[in-house]
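K.L.:
Quick mapping for you: the protein sequence lines, in order, are chains A and B.
Going by this note's numbering, the first sequence opens with residue 198, and the numbers climb by one from there.
Going by this note's numbering, the second sequence opens with residue 20, and the numbers climb by one from there.
Incorrect hints may have been included.
Label pairs and their computed distance ranges (CB to CB) [claimed, not checked]:
hint	chain 1	residue 1	chain 2	residue 2	range
1	A	F372	B	Q126	48 to 56 Å
2	B	L233	A	A224	27 to 35 Å
3	B	L233	A	S268	48 to 56 Å
4	A	F236	B	S167	42 to 50 Å
5	A	A440	B	Q31	16 to 24 Å
6	B	K81	A	L227	53 to 61 Å
7	A	I396	B	Q71	24 to 32 Å
8	B	R123	A	L267	28 to 36 Å
9	B	A266	A	A307	25 to 33 Å
10	A	I396	B	L69	29 to 37 Å
11	A	G513	B	L69	37 to 45 Å
12	B	P66	A	A237	58 to 66 Å
13	B	L233	A	T514	54 to 62 Å
14	A	L267	B	W84	27 to 35 Å
Heads up, incomplete: computed chain B residues facing chain A, CB under 8 Å, no partners named [what the hints assert, rightly or not]:
hint	residue
15	L60
16	I112
17	I132
18	V150
19	M260
In case anyone wonders, no lab produced these hints; they're calculated from the structure.
Yeah, the Cβ is synthetic: ideal placement off N, Cα and C, and Gly gets one too.
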Amino acid sequence: MAVSTTAGNSLTHGRLPRMAPWAILVACWLVVAGVYAIFAMSGTVRDFSLVGTLFFGTVLYVAIIYVVSLSVEGRRQAVDRLVTALVFAAFIVALLPLVSLLSTVVANGAARFDLDFFTMSQRNIVGAGGGALHAIVGTLEITAVAALISVPIGLMTAIYLVEYGRGQIARWITFLVDVMTGIPSIVAGLFAYAVFALIFGPGVRMGFAGSVALSVLMIPVVVRACEEMLKLVPNELREAAYALGVPKWLTIVKVVLPTSAAGITTGVMLAIARVIGETAPLLLVAGFTQSMNYDLFDGRMQSLPVFVFTSYANQGTDGDAYIARAWTGALVLILIVMALNLLARLIARFFAPKTGR
Amino acid sequence: MASAAVPIRAKQRPGDRVFSGSALAAGSTILILLAAVAIFLIAQGIPGVLAQPGDTVILGEKNFWDYVAPLAFGTLWAAALALLMATPLAIGIALFISHYAPRRLAQTLGYIIDLLAAVPSVVFGLWGGLVLAPLVRPAYAWLAENASWFPLFAGQASATGRTILTAAIVLAVMILPIMTAICREVFLQTPRLHEEAALALGSTRWEMIRMAVLPFGRAGIVSAAMLGLGRALGETMAVAMVLSPAAVISFIVIGSTNPNTIAANIALSFPEAFGTGVNVLIATGLVLFVVTFAVNAVARYVVNRRKEFSGAN
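Just chain A, with the same shape it has in the complex (with noise of 0.2 Å):
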């Protein structure tokens, strides 16, 4: 190992050359990624891993540049090296479970991602083939009811909240939205039961009931995101536009919303990927199906987060084609959730609105 050391000066200690953590890193990758090809060929486990590999050898490197930098820089740099080695580590064990899930679900997924997943209901269909066509569409018409019912309460409440609310009401929306957000989405998917069961009688199914309880998961979402937003709009704009003569309604129509309106639409698009994942509401209160069903107010509905659950949960005979369909529903589910979050992102890079200055 080259090691610069300067000796003479008791204030100075040895310093470790600036690429030396990372020399010593790739080798403990090497290392390890060494012994495992041993072992590997020995027998002992079954195939080289590298998420295994990346694993212990960043355990191995805390333990070694700990060891190196005490013995080289002293203690206290020793304990800075070990701090820096660990927060770097969390960041990367946070990254394993994302790497793997994606890359497991993308390999999987795309075995059953044909035409037929696209064009294809699972009526009548034993074992392998069928498709989602019927959880696709169910889950587009409850988001899109579910956005329709959220959207106006959530704006209307954040332009409450930040033009109007004064005092002990504001206060308490604001912090109720806040505990709002943590409700689980079990609880909801169960009021909207409680709801419709009141009306319907018990053991209703119908796709409006699953709206309805990811509505109560979408609304403070949106609050809070409008709220931000509406915030951010310059109050010069509103006084200039009262200095004219503008009525305050008029103002809030004609020049607060335009100006956020870019903003609005982000925080509503990543509102909706929020809640087009939510699978247990929907299984209480949209049930499941194997059948196209286009009415929301009839029976039950199928959905895309549902699909995949039961697809794995209530395997048939030939469970492996109901374990492949699952991976596809679930590479689907996650490239609308990703092209939702990517195109709010742009719109919201792109016509950020200007706030003076």
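Given the coordinates of chain A, work out where chain B should sit on it, guided by the hints.
P.N.:
Positioned in the frame of chain A, the structure of chain B alone reads:
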């Protein structure tokens, strides 16, 4: 001269009244909605709480409280395990993004962590059940062989890997983004001068963080942990798809009999439930609602006491 006492008021036009009225109505809808959630759950849950042993298939020979106890235990236990794993990781990642990563990369790295939040829970469940569980099975077998003196690892290891520890790992991954986001926000608010003073006195980066950043961010870390706890308590699908449940109270984390959680139990039992069984499940949901509401309210209260900071959502 007397007119000086009259305050100047903008003229109220009909449009103004309609608009402000509907804004107030929308705001009140939130209050009403939250009250409605509580009222409807209570109304539908009471018959479940009062159900006698033998009334319904779900309860079997137990009364409601005996039924809900293992579930409540499982919910708390799984969430606690997840929190135990996620808290140090979240603090580490937040520090990485706020103080260690190169400035220009920091925001992108934050987005990458936020990507985890975008993945639907059902996909996490699928991944946990089909990828993670087989992956951790050898580790559990090793633990059962070599570390069974430790109470949590006692007894036989599960043959499927679908234990409460696996579920807790998935939960930990799922609550990481929100915890990281809040810790990050708080760490970034550390007064610059405190950090520079610490560095100028010759402290290393870690000593600076320990003396300036962490004391400043303690309240933020606590509330991040509580928000994470709230999420973990209510998470449904990940647990329902990963865990193979039994109605037991057991601390063993790698065995084959694991307590179920309230949320997962509702998701798994609800489609087949009927009659009073539905009420029983709604009553368990009410228990969950009360617990998460309390946890979230306390967390938000702690966050809101620090002003200029409006949560990470």
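K.L.:
Next step is simple, just say for each hint if it's right about the structure.
P.N.:
Going through the hints against the structure:
no.: 1; hint: F372/A to Q126/B: 48 to 56 Å; result: violated (30 Å)
no.: 2; hint: L233/B to A224/A: 27 to 35 Å; result: holds (32 Å)
no.: 3; hint: L233/B to S268/A: 48 to 56 Å; result: violated (28 Å)
no.: 4; hint: F236/A to S167/B: 42 to 50 Å; result: violated (24 Å)
no.: 5; hint: A440/A to Q31/B: 16 to 24 Å; result: holds (18 Å)
no.: 6; hint: K81/B to L227/A: 53 to 61 Å; result: holds (58 Å)
no.: 7; hint: I396/A to Q71/B: 24 to 32 Å; result: holds (28 Å)
no.: 8; hint: R123/B to L267/A: 28 to 36 Å; result: holds (32 Å)
no.: 9; hint: A266/B to A307/A: 25 to 33 Å; result: violated (40 Å)
no.: 10; hint: I396/A to L69/B: 29 to 37 Å; result: violated (23 Å)
no.: 11; hint: G513/A to L69/B: 37 to 45 Å; result: holds (39 Å)
no.: 12; hint: P66/B to A237/A: 58 to 66 Å; result: holds (60 Å)
no.: 13; hint: L233/B to T514/A: 54 to 62 Å; result: holds (57 Å)
no.: 14; hint: L267/A to W84/B: 27 to 35 Å; result: violated (56 Å)
no.: 15; hint: L60; result: holds (6 Å)
no.: 16; hint: I112; result: holds (5 Å)
no.: 17; hint: I132; result: holds (6 Å)
no.: 18; hint: V150; result: holds (5 Å)
no.: 19; hint: M260; result: holds (6 Å)
Hints 1, 3, 4, 9, 10, 14, counting from the list given before, are not met by this structure.
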